[in-house]
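**Q** We have chain V already, so just place chain E on it with the hints.
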Amino acid sequence: MFTAHKPVRREFVRFKDLTAKSKSDPAATIEEMASLLRNSKLRGSIQFHLLAGDEQHVHALSFGKGKPKTHKAAIPKPNLVVTLNLADWWQIAKGAVSPLEVFGRGQMHVRGDYSLGLRVLAHLAANEGRLTLCA
Amino acid sequence: MSVDVTGKVSFLKINPSLYDGDDSCLFGVIPTGTTYVDVFAVWWGQNLNQQPPPTAADWVLRTVQIAMIRDALVNKLDVVVTYEPPANTFLTLRLKAT
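So the protein sequences, as listed, match chains V and E.
Sequential numbering of the first sequence, starting at 32, is according to our numbering.
Sequential numbering of the second sequence, starting at 1247, is according to our numbering.
Derived from the structure by calculation, the hints contain no laboratory data.
Glycine is no exception: its CB is placed at the ideal position from the N, C-alpha and C atoms.
Careful, some of the hints might be misleading.
What follows is a list of derived Cβ distance ranges for each label pair [as the list claims (entries may be wrong)]:
id: 1; chain 1: V; residue 1: K103; chain 2: E; residue 2: P1277; range: 36 to 44 Å
id: 2; chain 1: E; residue 1: V1326; chain 2: V; residue 2: R69; range: 37 to 45 Å
id: 3; chain 1: E; residue 1: V1326; chain 2: V; residue 2: L73; range: 30 to 38 Å
id: 4; chain 1: E; residue 1: A1303; chain 2: V; residue 2: K72; range: 46 to 54 Å
id: 5; chain 1: E; residue 1: P1298; chain 2: V; residue 2: R69; range: 39 to 47 Å
id: 6; chain 1: E; residue 1: T1344; chain 2: V; residue 2: A127; range: 42 to 50 Å
id: 7; chain 1: V; residue 1: L162; chain 2: E; residue 2: P1298; range: 25 to 33 Å
id: 8; chain 1: V; residue 1: R69; chain 2: E; residue 2: A1302; range: 34 to 42 Å
id: 9; chain 1: E; residue 1: T1309; chain 2: V; residue 2: S55; range: 41 to 49 Å
id: 10; chain 1: E; residue 1: P1277; chain 2: V; residue 2: R74; range: 19 to 27 Å
Chain V with its partners taken away, still in its complex shape:
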């Protein structure tokens, strides 16, 4: 007897809620991320380009040596640059949507070491789930 396999898709990993400090200031979500990375052994820097119409908000986060630092402007040679719509970022920061879902929809551009992003996501995960990108 032939039994067809039904694809089973585990949920993607989502971030913990990063919007506790502010529901309107994206910089506060990056600061919350920095705060949650304080005790991690991760090293690197991530720059976010958040697009809202013609406006672009640039925020960056560097971590690994001492206390993680946030920046409200571009930094030199970030390890990873992530570009996405601000509306999508809010969904990600609230933990409502996984960044991998946004990437899979084709709405997130990644430049640099994307495995760093996956490691940060693993460290700040709100749920158990899939954490692979074409792996």
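**A** Frame of chain V; chain E shown alone:
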């Protein structure tokens, strides 16, 4: 507004693992004069239950795209990828004329 990236292909990854939910193809381009990698998706069928399955025409197109990217990777040819940020899928992909 669309953006052109010109450079060498650094990797091509294809994962046809439909049953673990990661049916995808990604490739990277190192823009000329830089050391970072821009990551693009040829396809990523994560929303299996929401999207219609790819047609034969989709697969013909994907096969041609993969062949071009593979040739560029193996022969170290420059490619030009045109995309519209924040998208990671491309509008056009072509080999750069020398």
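**Q** Can you tell me whether the CB distance of R69(V) to A1302(E) sits inside 34 to 42 Å?
**A** At 52 Å between Cβs, range violated.
**Q** Return holds or violated for the Cβ distance of A1303(E) and K72(V) against the range 46 to 54 Å.
**A** holds, 48 Å
**Q** State, for the Cβ atoms of K103(V) and P1277(E), whether the hinted interval 36 to 44 Å holds or is violated.
**A** Given about 26 Å between the Cβ atoms, the range is violated.
**Q** For the range 19 to 27 Å, tell me whether the beta carbons of P1277(E) and R74(V) fit it or not.
**A** For P1277(E) and R74(V) the Cβ distance comes to about 24 Å; the hint holds.
**Q** Taking the beta carbons of L162(V) and P1298(E), is their distance inside 25 to 33 Å?
**A** Roughly 27 Å apart at Cβ, these two residues keep to the hinted range, so it holds.
**Q** Could you check the hint for me, namely that T1309(E) and S55(V) are 41 to 49 Å apart, CB to CB?
**A** Because 46 Å falls inside the window, the suggested range holds.
**Q** Honestly, do T1344(E) and A127(V) meet the 42 to 50 Å range at C-beta?
**A** Given a distance of about 47 Å, which is inside 42 to 50 Å, the answer is holds.
**Q** Go ahead and decide if the range 39 to 47 Å is satisfied by the Cβ distance of P1298(E) to R69(V).
**A** holds, 45 Å
**Q** For the range 37 to 45 Å, tell me whether the beta carbons of V1326(E) and R69(V) fit it or not.
**A** Because 42 Å falls inside the window, the suggested range holds.
**Q** A range of 30 to 38 Å was offered for this pair. Does it hold for the Cβ distance of V1326(E) and L73(V)?
**A** Holds, at about 34 Å.
Comparing the model with each numbered hint stated earlier shows that hints 1 and 8 do not hold.
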